[in-house]
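Trainee: I would like the entire structure built from these sequences, with the hints used as guidance.
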Amino acid sequence: NAGVTQTPKFRVLKTGQSMTLLCAQDMNHEYMYWYRQDPGMGLRLIHYSVGEGTTAKGEVPDGYNVSRLKKQNFLLGLESAAPSQTSVYFCASFTGLENTGELFFGEGSRLTVL
Amino acid sequence: AQSVTQLGSHVSVSEGALVLLRCNYSSSVPPYLFWYVQYPNQGLQLLLKYTTGATLVKGINGFEAEFKKSETSFHLTKPSAHMSDAAEYFCAVTNSGGYNKLIFGAGTRLAVHP
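If you read the protein sequences in the order shown, they are chains A and B. Under the numbering used here, residues 1 to 114 are what the first sequence spells out, in order. Under the numbering used here, residues 1 to 114 are what the second sequence spells out, in order.
Simulated from the structure, these hints should not be mistaken for lab results. This one's a predicted model, so the numbers in the text were calculated from it and none came from an experiment. Positions of the beta carbon are idealized from the N, C-alpha and C atoms, including for glycine. Honestly, I wouldn't trust all of these hints.
Unchecked claim - The list that follows gives simulated cross-link-like pairs (lysine-lysine, DSS-like), each with its CA atoms no further than 25 Å apart:
hint: 1; chain 1: B; residue 1: Lys101; chain 2: B; residue 2: Lys58
hint: 2; chain 1: A; residue 1: Lys70; chain 2: A; residue 2: Lys14
hint: 3; chain 1: A; residue 1: Lys57; chain 2: B; residue 2: Lys101
hint: 4; chain 1: B; residue 1: Lys101; chain 2: A; residue 2: Lys71
hint: 5; chain 1: A; residue 1: Lys70; chain 2: A; residue 2: Lys57
hint: 6; chain 1: B; residue 1: Lys101; chain 2: B; residue 2: Lys68
hint: 7; chain 1: B; residue 1: Lys68; chain 2: A; residue 2: Lys70
hint: 8; chain 1: B; residue 1: Lys68; chain 2: B; residue 2: Lys58
hint: 9; chain 1: A; residue 1: Lys71; chain 2: A; residue 2: Lys57
Claimed, not checked - What follows is a list of derived Cβ distance ranges for each label pair:
hint: 10; chain 1: A; residue 1: Ala2; chain 2: B; residue 2: Ser84; range: 22 to 30 Å
hint: 11; chain 1: B; residue 1: Leu20; chain 2: A; residue 2: Lys9; range: 30 to 38 Å
hint: 12; chain 1: A; residue 1: Glu79; chain 2: B; residue 2: Pro114; range: 44 to 52 Å
hint: 13; chain 1: A; residue 1: Ala2; chain 2: B; residue 2: Leu7; range: 32 to 40 Å
hint: 14; chain 1: B; residue 1: Gln42; chain 2: A; residue 2: Lys14; range: 44 to 52 Å
Mentor: Written as structure tokens, this is what we have:
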């Protein structure tokens, strides 16, 4: 049982380049999230999904897009990377409050934009 | 809108001393509250959660937290700190009407000294 897997774990981009972060979970969870973690700011929610084919904006969605074409995968895209998007990105899947109410995190993806 | 405030970005205690990490929340409906711990270069792990019922909840590694509605607080405590408790701790809130969207505080880094 792999849990939540993020790829890639490290990436360096130049300003203006695009990339996609992939999150995969094998727990059949409906809810998935993308957060970014920056020093002194905790985790801020970028986008989230409450089920296959659905996405919604979180606290800091600008500059990012997401897709949830398959239940197990949640993709985070940067169309034109900016230095302000240098961060550690965490994907998480959630059992839901109606179940155990536990959030499972991936190990993080460290992105540097030069 | 929900929000979480963690008082004190850094807390330092001696080994064997009481650990107290403070969390206050804002929610217009009954909240669900969580504490997560993050060790260096890792994702977040659930320590404990409050959903309904008993307001004093016990978690892993000897931690516990008490939900106080009148104070809108959910402070995390441990009677005796251990060196292995050094980590960053995050408080989070959601509610049943929030599409299971977890909002995190900025985090508190706990240092434990011999």
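Trainee: So, for every hint listed, does it hold in this structure?
Mentor: A quick look at each hint next to the structure:
Simply put, Lys101(B) and Lys58(B) have alpha-carbon atoms about 23 Å apart, close enough for the 25 Å limit, and the pair holds. For the hint linking Lys70(A) to Lys14(A), the alpha-carbon distance of about 30 Å lies beyond 25 Å, and the restraint is violated. The straight-line distance between the Cα atoms of Lys57(A) and Lys101(B) is roughly 10 Å, inside the 25 Å bound, and the hint therefore holds. Distance hint between Lys101(B) and Lys71(A) is fulfilled; the C-alpha atoms sit about 17 Å from each other, no more than 25 Å.
Note on Lys70(A) and Lys57(A): the hinted pairing holds, with a Cα-Cα distance of about 18 Å set against a maximum of 25 Å. Pair hint Lys101(B) plus Lys68(B) holds up; C-alpha atoms about 22 Å apart against a cutoff of 25 Å. Our distance criterion of 25 Å between C-alpha atoms is broken by Lys68(B) and Lys70(A), whose separation comes to about 40 Å. At roughly 15 Å between alpha-carbon atoms, Lys68(B) and Lys58(B) fall within 25 Å of each other, so this suggested pair holds.
About 18 Å separates the Cα atoms of Lys71(A) and Lys57(A), which keeps this hinted pair within 25 Å; it holds. About 26 Å separates the C-beta atoms of Ala2(A) and Ser84(B), a value consistent with the hinted range of 22 to 30 Å. Checked against the hint of 30 to 38 Å, the pair Leu20(B) and Lys9(A) passes, with Cβ atoms roughly 35 Å apart. Separated by about 50 Å at the C-beta atoms, Glu79(A) and Pro114(B) satisfy the suggested range of 44 to 52 Å.
The hinted window of 32 to 40 Å between Ala2(A) and Leu7(B) holds, with their beta carbons roughly 37 Å apart. The supplied range of 44 to 52 Å is broken by Gln42(B) and Lys14(A), whose beta-carbon atoms lie about 29 Å from each other.
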